[in-house]
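*Asks:* Protein sequence lines correspond, in order, to chains A and B. When the first sequence is numbered by the UniProt record's numbering, its final residue is 224 and no position is left out of the sequence of numbers. When the second sequence is numbered by the UniProt record's numbering, its final residue is 224 and no position is left out of the sequence of numbers.
Keep in mind that the hints were calculated from the coordinates and are not lab data.
Where chains are identical, the list cannot tell them apart; a pair therefore holds if satisfied intra-copy or between any two copies.
No more than 30 angstroms apart at the CA atoms, straight line, and that leaves these computed lysine-lysine pairs for DSS-like:
hint, residue 1, residue 2
1, K40, K101
2, K207, K33
3, K126, K99
These are the residues of each chain, in order.
Number of protein chains: 2
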Amino acid sequence: MKVRVILTDLDGTLTEDRGSYLLNLEAIEALRKAEAKGIKVALVSGNSYPVLRGLYNYLGFSGGVVAENGCLVYYQGNIFPVCTPLPKVLVEEFRDKFKLKESWQNEYRRYDFGFTPPVITDDMRKWAEEKGVSIQSSGYALHISGRPGGKGAGVKKLLNVLGVKSEDVAAIGDSATDIEMLEIAGVRVAVANADENLKRVANFTLKLKSGDGVKEFIDSLTRE
Amino acid sequence: MKVRVILTDLDGTLTEDRGSYLLNLEAIEALRKAEAKGIKVALVSGNSYPVLRGLYNYLGFSGGVVAENGCLVYYQGNIFPVCTPLPKVLVEEFRDKFKLKESWQNEYRRYDFGFTPPVITDDMRKWAEEKGVSIQSSGYALHISGRPGGKGAGVKKLLNVLGVKSEDVAAIGDSATDIEMLEIAGVRVAVANADENLKRVANFTLKLKSGDGVKEFIDSLTRE
Numbered sequence: 001m002k003v004r005v006i007l008t009d010l011d012g013t014l015t016e017d018r019g020s021y022l023l024n025l026e027a028i029e030a031l032r033k034a035e036a037k038g039i040k041v042a043l044v045s046g047n048s049y050p051v052l053r054g055l056y057n058y059l060g061f062s063g064g065v066v067a068e069n070g071c072l073v074y075y076q077g078n079i080f081p082v083c084t085p086l087p088k089v090l091v092e093e094f095r096d097k098f099k100l101k102e103s104w105q106n107e108y109r110r111y112d113f114g115f116t117p118p119v120i121t122d123d124m125r126k127w128a129e130e131k132g133v134s135i136q137s138s139g140y141a142l143h144i145s146g147r148p149g150g151k152g153a154g155v156k157k158l159l160n161v162l163g164v165k166s167e168d169v170a171a172i173g174d175s176a177t178d179i180e181m182l183e184i185a186g187v188r189v190a191v192a193n194a195d196e197n198l199k200r201v202a203n204f205t206l207k208l209k210s211g212d213g214v215k216e217f218i219d220s221l222t223r224e
Numbered sequence: 001m002k003v004r005v006i007l008t009d010l011d012g013t014l015t016e017d018r019g020s021y022l023l024n025l026e027a028i029e030a031l032r033k034a035e036a037k038g039i040k041v042a043l044v045s046g047n048s049y050p051v052l053r054g055l056y057n058y059l060g061f062s063g064g065v066v067a068e069n070g071c072l073v074y075y076q077g078n079i080f081p082v083c084t085p086l087p088k089v090l091v092e093e094f095r096d097k098f099k100l101k102e103s104w105q106n107e108y109r110r111y112d113f114g115f116t117p118p119v120i121t122d123d124m125r126k127w128a129e130e131k132g133v134s135i136q137s138s139g140y141a142l143h144i145s146g147r148p149g150g151k152g153a154g155v156k157k158l159l160n161v162l163g164v165k166s167e168d169v170a171a172i173g174d175s176a177t178d179i180e181m182l183e184i185a186g187v188r189v190a191v192a193n194a195d196e197n198l199k200r201v202a203n204f205t206l207k208l209k210s211g212d213g214v215k216e217f218i219d220s221l222t223r224e
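Generate coordinates for the entire structure from the input sequences, incorporating the hints supplied.
*Replies:* Okay, here's the thing in structure tokens:
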């Protein structure tokens, strides 16, 4: 088996730590080395499309972008919508009902919307069930989105567009929102500080946390 | 004189070269060292706000963002509009009249819009004059914007918000769109591969190009 595509989460995975927004530059350098060896790197995140596309361009990756927590896929100039758009009235109702703060990126979203604090209550799950929307938390933000929602659908679409089989794909993440992404990949990797339920899905858990873990993984992969 | 704020352009300045989108990671590391020494770093660019705000957050800068080629300023949770919004009909008229391609970021802009190829003709200048809009080229994109337009107005607003005097500010860039920014700063720096008309405004021109030049400058600054 040869890894042809690396799917990586952003927040808590390419950063210095979970909860940090600081990109780990050594992880970025390692991923660029992987790109130089012909392995495509894709960003798979709950962030909005313009934020991820900007990072993707400037970091020098080529494997595409899965934005809005799986709801929007970008590859080589084309955008592929994956979820049902979420009406603005539902976003506002959710925000007001549960007294949440909207992410500054919501203005640039169409399918998946972010809120803080990133904590899901039973009342929220009940509301989401009634309204037919998906709900998840990345630890950075609480996400509600149109169906199907979640990284799994976006990753499937991206692999389809790339024409790559699951067994040639490695996925790396830190939180429960990455479970669906890992489940699709042949090589399933969790950083040292990942959620326990992600570690259970992973083939292996790294020694190092977040971005240092990504560097650890890429170094082992490109040394082979 | 002590530099308290560094204003830096993005495209052609923090990248590997002019025309490249690849961030120079050593330049980013140098700027983070400057931040660690208490010097605030601000991004001043023709890019859209979400793209720049994303980079700003993940790169770990604290001096604010001047987006849309000077038309929008962000600092600590607040957005300050600087230019007159540009009606969508004018954007479409300009695009169609001169057979240009719109930037993918135009969807996320309000005041300043980008097009390729990044070449200004006399007919374009005449059109812009008649319509009362500003026109500039960064070498990456052709920009039209509501008045005043240009990085100067945005930088003045940011320094005002920061409460910092021009003499405590260093500015670094590569293209003619950076002239207004350099003119406001006490320390005016051009990378080695900068436009000749930017070098004429600069106090000094670096030995190295683009991101390597930024690292050269920051190293000299933080060694003092």
